[in-house]
Amino acid sequence: MQHFIGNARQHPSGGQHIPVLDPSTGEAFGEIARGSAADIDQAVAAARASLGERYDGPWGGVSAAARGRLLQRFSVAVTAHADELAQLEAQDTGKSLKTARADVSALARYFEFYAGAADKLHGQTLPYEPGYLVATVREPHGVTGHIIPWNYPMQIFGRTVG
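Under our numbering, the first residue of the sequence shown is numbered 3, with each subsequent residue one higher.
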């Protein structure tokens, strides 16, 4: 497996991979690219470029409504591949298939929920003093990094990406 950085698949800069173990058997069932500091720096730079200096990059310029539609498509795709994703989640975490199916369902639901909320965020305007109003605006903070724990990777992914 390769990294996905800047809309392209790439081999890890150090050329190393890590085996993915099934916790219930201890056996490897795949491998993932082992990222290095250079890979992270490259991913952050690509994400910042996509966001844009003033939220005017390819991703930063996408409207809230369009981001919501994209999240809805993610929800539909997760639902369409629910069985495959549940098998993978069970194998990756050692969870029962029943629990993994619930996690996949939660992932789809997170995307569905945040899809509906994407264009509903708003600020507030408060009276301050005569002739003055104080306004709050919700806007992105920029690029963020996420460390996903082993026990609920799909659900945490859905909440943080959504």
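In case anyone wonders, no lab produced these hints; they're calculated from the structure. Do not take every clue at face value.
[Unchecked claim] Distance ranges between label pairs, derived from CB positions:
hint	residue 1	residue 2	range
1	Leu99	Gln126	42 to 50 Å
2	Tyr57	Ser98	40 to 48 Å
3	Thr127	Asp24	17 to 25 Å
4	Glu29	Asn153	13 to 21 Å
Glycine residues also receive a C-beta, built at the ideal position from the N, C-alpha and C atoms.
Verification of the hints:
1. A C-beta distance of roughly 46 Å is found between Leu99 and Gln126, which places it inside the suggested range of 42 to 50 Å.
2. Range check, Tyr57 to Ser98: Cβ separation about 43 Å, and the 40 to 48 Å hint holds.
3. In this structure the supplied range 17 to 25 Å is violated for Thr127 paired with Asp24, their Cβ-Cβ distance being about 54 Å.
4. Roughly 20 Å separates the CB atoms of Glu29 and Asn153, a value that falls within the hinted 13 to 21 Å.
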